[in-house]
Amino acid sequence: MFSLNLVLRLAATLLIPTITLFTVEWIHRGTLAGFFTIFEKHPESFLLAWLFLLLLYIAVSRLTGRYPLATLTVCLLGNLPAAVTWFKLQLRGEPFLPWDISQAAEASNVMGKANLEMQPSMAWTIVIFVLLTALSFFVRAPRRSEAPRAFWRRMAAGAGATAALAFVVFGIYLRPVATEKLNIIPDMWMQNRYYRNYGVITGFMSNLQSLNIAKPEGYSAGAVQSLKTRIETNKPDRPLFFDSYAATLGKKEREPNIIYIMNEAFYDVEELPGIVFDQPVTPNLQRMKETAATGKSYSPSFGGGTCDVEFEALTGYSVEHLPAGCKPYQQHVTRDMFALPSYLKDQGYRTVAIHGYYRKYWSRDKAYPHLGIDTFIAADDFVNPEKKRSHYWKGGLISDAEMGRMIIDQFENKGEGEKLFIHAVTMQNHSSYNAENYPEEELVNIVSAPEGISEDTLSQLRDFATGIRENDAMLGALVDYFSQVEEPTILVFWGDHYNTVGKGYELYEKTGFIEPGDTKSPKLHATPLVIWSNYYQKPVDIGTVASYNITPVMMDLYGIKKPPMFDFLLQEMKVFRARTRGVTINPDGTTSQEMTAEQEKWFNDHWLLQYDQMFGSDYLNQPAKQT
461 MFSLNLVLRL AATLLIPTIT LFTVEWIHRG TLAGFFTIFE KHPESFLLAW
511 LFLLLLYIAV SRLTGRYPLA TLTVCLLGNL PAAVTWFKLQ LRGEPFLPWD
561 ISQAAEASNV MGKANLEMQP SMAWTIVIFV LLTALSFFVR APRRSEAPRA
611 FWRRMAAGAG ATAALAFVVF GIYLRPVATE KLNIIPDMWM QNRYYRNYGV
661 ITGFMSNLQS LNIAKPEGYS AGAVQSLKTR IETNKPDRPL FFDSYAATLG
711 KKEREPNIIY IMNEAFYDVE ELPGIVFDQP VTPNLQRMKE TAATGKSYSP
761 SFGGGTCDVE FEALTGYSVE HLPAGCKPYQ QHVTRDMFAL PSYLKDQGYR
811 TVAIHGYYRK YWSRDKAYPH LGIDTFIAAD DFVNPEKKRS HYWKGGLISD
861 AEMGRMIIDQ FENKGEGEKL FIHAVTMQNH SSYNAENYPE EELVNIVSAP
911 EGISEDTLSQ LRDFATGIRE NDAMLGALVD YFSQVEEPTI LVFWGDHYNT
961 VGKGYELYEK TGFIEPGDTK SPKLHATPLV IWSNYYQKPV DIGTVASYNI
1011 TPVMMDLYGI KKPPMFDFLL QEMKVFRART RGVTINPDGT TSQEMTAEQE
1061 KWFNDHWLLQ YDQMFGSDYL NQPAKQT
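Numbering (this note's numbering), first residue to last: 461 to 1087.
Keep in mind that the hints were calculated from the coordinates and are not lab data.
A couple of the hints might just be wrong.
PhoX-like cross-link-like pairs, simulated, lysine-lysine; straight-line CA separation at most 25 Å [what the hints assert, rightly or not]:
| id | residue 1 | residue 2 |
| --- | --- | --- |
| 1 | Lys1021 | Lys874 |
| 2 | Lys879 | Lys1022 |
| 3 | Lys963 | Lys695 |
Based on the provided sequences and hints, a complete structural model is requested.
Laid out in structure tokens, this is it:
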């Protein structure tokens, strides 16, 4: 007959992985309603996750002989990623991904200021596993001194489970062929949907496949040179934008100073339907529509991921071609590679980056030199800077006005005749939001708002709108200053991404800005884009372009000599303006999730060139061999 202890060991071995599987999905989803319907559609995925937890439990419990340790190990390795996924979905609309581990410092800094609360599912899971851990102390493993044969059977079971666990990880989870045979189909463009369909454990583990960047099919020196020849052959006779400086006055080629300003969370808050403020919030943005090239930058990010946006803008590379959720600065910009700063540096420019926060944030201090930036001015380089919004951020954040003054200071102290490129990244209007961030007399007030928006959301909106007003004031101050400067100068100003303001997506849904539940709406990715110069004052409608097309568009508008990569992107814009997060922006401004055969061809060619310059041999920027 079976002993009571053997029954307890078998019961614990089967029940604890099973309970963990359900608590993981309970935390991830916030509710188990609808989970069993998903389970029926994708049973292989969840059974594989259960097998992973089961083998992990057997390996730890049998090899150590400590069942409480095994219970805690399975609990933490399953439920912690689920909790991080839930919080990250609320904050950024994407789940916990393998490469997030390398961003732990940045993530904890932001999460600590995000007003996120523990959910009931998390509290109940803690209670459940405290009880299970306590009960595990009553489960005894065979000891060598007491039962040698049972002890060696236990050790053999642990070793076998470890080997089987290794096979599950390396033979299934890390092999695309194996996961696809189990009907686990990649969905890299919508990771939230991927985790919803296949669960946190399988979603996370199978994403490890993406850490290996696969070479594009057909990549070779010949393929790149052939594409380069096509780019040269297809160069247009006139600029893409017919009413631009290059089209109307293009005979006079200039080498202007170029100043990029990527503004934190900047979008036109006055576009929210039904929200009325007591003052104009974006008067300078509206003014630019009469004197500059204006449109929308289609951002790959929402709620964070600023570094993704600047990576695209500085390089012309698209994060769409990289593993979803990865951070290029931290994982891939580890060697010198083509980018706008390096290209301008070769043309005799001095290149400067300015950021109102710590230089190590998103590993900018390591990535910037690889992109060709000579000088990096970070928060600790400012002397007694003006700071604002200290409710969550200890000591406050460097103001946009201070950033503007630093930009002007860099310009005024450059060498005579020196050409200057500045890339500035602001911080003042970073999340989280609270009306206590400003004195009452400085706050923008809300005169009226649609019904159903909570008081907390409206209070946070006052903080956010006040920040937008000050972002806009910085734009106006820089335009006014450089209007008086004789040296030709271009300002490129855009918002990096939308943020949540208040409770989830309530602000956007209750105002009708997006349909309820449509959290992937393209509207939440299109931020203002302004390209202004002090030597051409006519309006140009840019439309909506990808963040990775900002630089090619700027060069096209002003007739600046372009490298092959940017020539390619301008030609691609005749086929589509953006392909970002699974959304295609067509030349007429319409959106679609699918690509035509022609669009897909250009998309794949873009990846070929991007791979060549990021990971390959950089054939594109090498002179063609003479024959």
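Cross-check of the supplied hints:
Pair hint Lys1021 plus Lys874 holds up; C-alpha atoms about 23 Å apart against a cutoff of 25 Å. About 17 Å separates the Cα atoms of Lys879 and Lys1022, which keeps this hinted pair within 25 Å; it holds. As the CA atoms of Lys963 and Lys695 are separated by approximately 49 Å, the hinted pair breaks the 25 Å bound.
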